[in-house]
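2 protein chains.
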Amino acid sequence: MHIRKQRLLTPGPTPLYPPALQAMMASDLHHRTEDFRKLYRSTLSSLKEVMGTENDVLILVSSGTGAMESSASNFFSKGDKVIVCSAGKFGERWGEIAKAYGLNATILKAEYGQVVPPEQVQAALDAEPATRGVFVQASETSTGAAHDVRSMASIVSKTDALFVVDAITGLGTMPLDIDGWGMDIVIGGSQKAFMIPPGLAFLSISKKAWARAESADLPHYYFDLTKEKKNAGSGESSWTPNTSLILALNAALEYIKSVGMDKLVENAQLLARGTREAVMALGLDLFAPGSPGSSVTSVRAPKNLDSGVIVKEFRNRFNSIIANGQGSMKGKIFRIAHLGYFDFADLFAVISELEIILNANGFPVEFGKGVAAVQKVYAESAVGNQEAVKV
Amino acid sequence: MHIRKQRLLTPGPTPLYPPALQAMMASDLHHRTEDFRKLYRSTLSSLKEVMGTENDVLILVSSGTGAMESSASNFFSKGDKVIVCSAGKFGERWGEIAKAYGLNATILKAEYGQVVPPEQVQAALDAEPATRGVFVQASETSTGAAHDVRSMASIVSKTDALFVVDAITGLGTMPLDIDGWGMDIVIGGSQKAFMIPPGLAFLSISKKAWARAESADLPHYYFDLTKEKKNAGSGESSWTPNTSLILALNAALEYIKSVGMDKLVENAQLLARGTREAVMALGLDLFAPGSPGSSVTSVRAPKNLDSGVIVKEFRNRFNSIIANGQGSMKGKIFRIAHLGYFDFADLFAVISELEIILNANGFPVEFGKGVAAVQKVYAESAVGNQEAVKV
Numbered sequence: 001m002h003i004r005k006q007r008l009l010t011p012g013p014t015p016l017y018p019p020a021l022q023a024m025m026a027s028d029l030h031h032r033t034e035d036f037r038k039l040y041r042s043t044l045s046s047l048k049e050v051m052g053t054e055n056d057v058l059i060l061v062s063s064g065t066g067a068m069e070s071s072a073s074n075f076f077s078k079g080d081k082v083i084v085c086s087a088g089k090f091g092e093r094w095g096e097i098a099k100a101y102g103l104n105a106t107i108l109k110a111e112y113g114q115v116v117p118p119e120q121v122q123a124a125l126d127a128e129p130a131t132r133g134v135f136v137q138a139s140e141t142s143t144g145a146a147h148d149v150r151s152m153a154s155i156v157s158k159t160d161a162l163f164v165v166d167a168i169t170g171l172g173t174m175p176l177d178i179d180g181w182g183m184d185i186v187i188g189g190s191q192k193a194f195m196i197p198p199g200l201a202f203l204s205i206s207k208k209a210w211a212r213a214e215s216a217d218l219p220h221y222y223f224d225l226t227k228e229k230k231n232a233g234s235g236e237s238s239w240t241p242n243t244s245l246i247l248a249l250n251a252a253l254e255y256i257k258s259v260g261m262d263k264l265v266e267n268a269q270l271l272a273r274g275t276r277e278a279v280m281a282l283g284l285d286l287f288a289p290g291s292p293g294s295s296v297t298s299v300r301a302p303k304n305l306d307s308g309v310i311v312k313e314f315r316n317r318f319n320s321i322i323a324n325g326q327g328s329m330k331g332k333i334f335r336i337a338h339l340g341y342f343d344f345a346d347l348f349a350v351i352s353e354l355e356i357i358l359n360a361n362g363f364p365v366e367f368g369k370g371v372a373a374v375q376k377v378y379a380e381s382a383v384g385n386q387e388a389v390k391v
Numbered sequence: 001m002h003i004r005k006q007r008l009l010t011p012g013p014t015p016l017y018p019p020a021l022q023a024m025m026a027s028d029l030h031h032r033t034e035d036f037r038k039l040y041r042s043t044l045s046s047l048k049e050v051m052g053t054e055n056d057v058l059i060l061v062s063s064g065t066g067a068m069e070s071s072a073s074n075f076f077s078k079g080d081k082v083i084v085c086s087a088g089k090f091g092e093r094w095g096e097i098a099k100a101y102g103l104n105a106t107i108l109k110a111e112y113g114q115v116v117p118p119e120q121v122q123a124a125l126d127a128e129p130a131t132r133g134v135f136v137q138a139s140e141t142s143t144g145a146a147h148d149v150r151s152m153a154s155i156v157s158k159t160d161a162l163f164v165v166d167a168i169t170g171l172g173t174m175p176l177d178i179d180g181w182g183m184d185i186v187i188g189g190s191q192k193a194f195m196i197p198p199g200l201a202f203l204s205i206s207k208k209a210w211a212r213a214e215s216a217d218l219p220h221y222y223f224d225l226t227k228e229k230k231n232a233g234s235g236e237s238s239w240t241p242n243t244s245l246i247l248a249l250n251a252a253l254e255y256i257k258s259v260g261m262d263k264l265v266e267n268a269q270l271l272a273r274g275t276r277e278a279v280m281a282l283g284l285d286l287f288a289p290g291s292p293g294s295s296v297t298s299v300r301a302p303k304n305l306d307s308g309v310i311v312k313e314f315r316n317r318f319n320s321i322i323a324n325g326q327g328s329m330k331g332k333i334f335r336i337a338h339l340g341y342f343d344f345a346d347l348f349a350v351i352s353e354l355e356i357i358l359n360a361n362g363f364p365v366e367f368g369k370g371v372a373a374v375q376k377v378y379a380e381s382a383v384g385n386q387e388a389v390k391v
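As you go down the protein sequences, you meet chains A and B in turn.
Read in order, the letters of the first sequence are residues 1 to 391 in this note's numbering.
Read in order, the letters of the second sequence are residues 1 to 391 in this note's numbering.
Derived by calculation from the structure, the hints in this document are not laboratory data.
Heads up, a few of these hints could be off.
As the list makes no split between identical chains, a pair holds if one copy fits it or if it spans any two.
[What the hints assert, rightly or not] Simulated crosslink set (DSS-like; lysine-lysine; CA at most 27 Å straight-line):
no.: 1; residue 1: K257; residue 2: K312
no.: 2; residue 1: K263; residue 2: K312
no.: 3; residue 1: K5; residue 2: K48
no.: 4; residue 1: K263; residue 2: K89
no.: 5; residue 1: K5; residue 2: K369
no.: 6; residue 1: K330; residue 2: K109
Please model the entire structure based on the sequences and the hints provided.
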């Protein structure tokens with residue numbers, strides 16, 4: 001054995017921001033006190049600022065899926081006609097939620113690695129003007145592909161339908177102008193670009209959505225967003241909040257504000273581009289070359305090499321945790337995330353590891369070739385092209 | 001601004017082992033309780049095991065310099081003739097300690113980057129048979145050079161002199177057979193290969209040294225090693241111990257035992273070799289090519305480039321902290337440590353960063369060339385040459 005630090009290169013959980021972890025140590029506080037209310041208000045306010053919206057923003061003690069469910073159960077009624085854009089495992093999840101609540105869903109299905117084009121959403125809305133909602137992933141984590149939610153928003157916002165966006169790995173990795181583009185519900189999760197452990201989900205809710213909530217008849221209790229909104233107004237959560245994660249989120253949001261959300265997105269896009277350039281330089285194929293997202297990059301394993309071998313080699317040799325393909329893509333693609341508290345140095349390391357693994361498994365590549373591609377992306381970027389220091 | 005994680009690439013403090021940091025949270029314990037005594041005994045026992053000695057091992061609440069001082073003040077008498085091997089800033093520190101305590105020191109001086117050859121110690125001992133001690137650095141942190149303490153030990157152990165070895169950056173980075181080679185005092189510090197924050201020093205003490213302690217007349221109070229030994233026997237420290245760091249050290253030692261001290265040393269030597277190969281591949285010169293240590297690698301800055309620029313560029317561009325030269329070497333060399341909780345992925349990253357910095361500062365290098373040299377060292381090593389996994 002030798003020293004091998006664990007590195008999380010999965011699309012959530014992601015590498016954690018150390019001061020946020022340290023902040024969790026202060027969780028000996030009671031949630032029905034002014035101290036906590038102050039913290040909660042500050043966290044909600046920072047979250048709104050970082051998400052860049054005037055809409056209400058609420059925090060739930062749940063995984064992202066809980067917030068996804070809440071966006072169905074709070075704003076829709078049994079039998080409502082909805083459109084689900086499904087381009088991977090998380091698109092399928094929208095379909096499952098719609099089914100569980102008795103929504104009448106039209107599924108717009110894209111092959112894994114592809115996305116649903118906005119024109120298809122337009123056509124489906126034209127075909128069914130009574131559509132009450134459109135559900136989509138901004139970034140489909142299972143394939144690494146990103147939907148054109150900007151174009152979709154401009155289509156959906158012209159109708160009565162609510163535009164519900166799972167941006168769990170989209171927030172912080174792609175531009176998302178919630179108010180400007182008109183996205184009614186935008187969902188995030190703590191364990192992604194927010195750099196803290198899993199356990200919190202959050203969502204922004206437009207006036208159009210709140211108006212719909214009044215007539216919605218689907219059952220919900222824990223995920224009662226109207227109640228949550230009312231309590232948030234007085235700095236409290238409806239149920240016992242996850243105090244340690246609120247402390248962590250507050251600290252992470254301070255950091256994100258100091259970086260700037262636009263810079264965080266730029267950073268993610270640069271890292272994603274570096275990853276794509278590197279794997280292409282090594283002769284590998286991208287899985288979603290047409291519409292790559294910036295949270296995770298999916299790569300086709302070389303012929304005759306199971307992607308599971310690559311995943312295991314990362315773990316065994318370097319203690320780096322990357323993700324296999326999901327569902328039908330298992331064994332065929334591997335996914336390298338560059339999400340959360342992740343920087344260029346992390347990427348230099350992971351590409352160096354990949355080169356070694358390919359070489360050791362019958363796919364010879366020139367050492368340093370993929371790394372050089374990342375270095376080039378860095379050097380040509382605004383951050384890399386800075387003036388050198390003097391002494 | 002973009003995301004830039006701080007990385008400590010200095011020869012102490014070094015990157016920390018996270019479970020050791022987490023263990024510090026349990027420091028709400030009192031040091032005169034059975035709970036603490038159990039912890040302290042376990043820590044001392046692990047430390048002995050890891051240092052690989054039957055000699056007594058004691059822990060001091062001080063930096064390494066405190067343990068250096070204690071090895072003079074506890075085992076020598078005013079006017080004692082001693083030999084100081086001085087090959088850098090820390091060798092000079094031995095000279096200063098000898099002077100402060102009125103020892104009659106013969107300084108064997110090597111130029112920075114060079115070391116004192118064992119033959120010179122032999123000659124000095126031959127010239128002065130009444131010599132009571134020989135002081136040396138196993139690894140001279142200021143230059144990155146390592147002394148041949150094995151040969152020196154075989155020379156000194158045949159005389160009445162005590163062989164006192166500052167192994168603060170030597171422990172865990174080079175083979176040190178304390179009992180087999182006959183080293184009377186071997187000094188370590190918490191913030192080096194032991195992967196925890198600064199604040200603790202430790203030393204092993206031979207029977208030959210203890211016998212000398214009985215007649216030694218130099219003053220000491222806080223650093224009373226005889227008293228410390230007596231208290232350690234009952235699981236206590238003479239003065240209030242640093243409980244949080246003892247918890248950290250205990251956790252780090254468990255990890256080091258699980259890795260194996262010999263593997264930890266192998267790891268350090270591989271990383272050091274990788275660093276040397278990388279900088280040479282980039283056309284840079286090593287500062288101590290003749291006797292390189294494995295804790296830190298000193299590199300000459302290219303002509304017309306102040307090494308301070310390189311240090312600042314590491315910090316500004318990547319938030320990586322490397323060390324400048326010390327004393328007369330400031331501006332001329334830079335030092336990259338590969339010490340503590342440090343692995344190959346860290347090295348891939350730092351060499352990638354170095355390549356970018358050289359390129360941006362008028363010293364063009366081919367991207368990936370240094371990284372490839374490290375990858376080659378990895379691939380040809382026992383850890384790298386392992387069989388690939390199957391799925």
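Any of the earlier hints contradicted here, and which numbers?
Hint 4 contradicted; others consistent.
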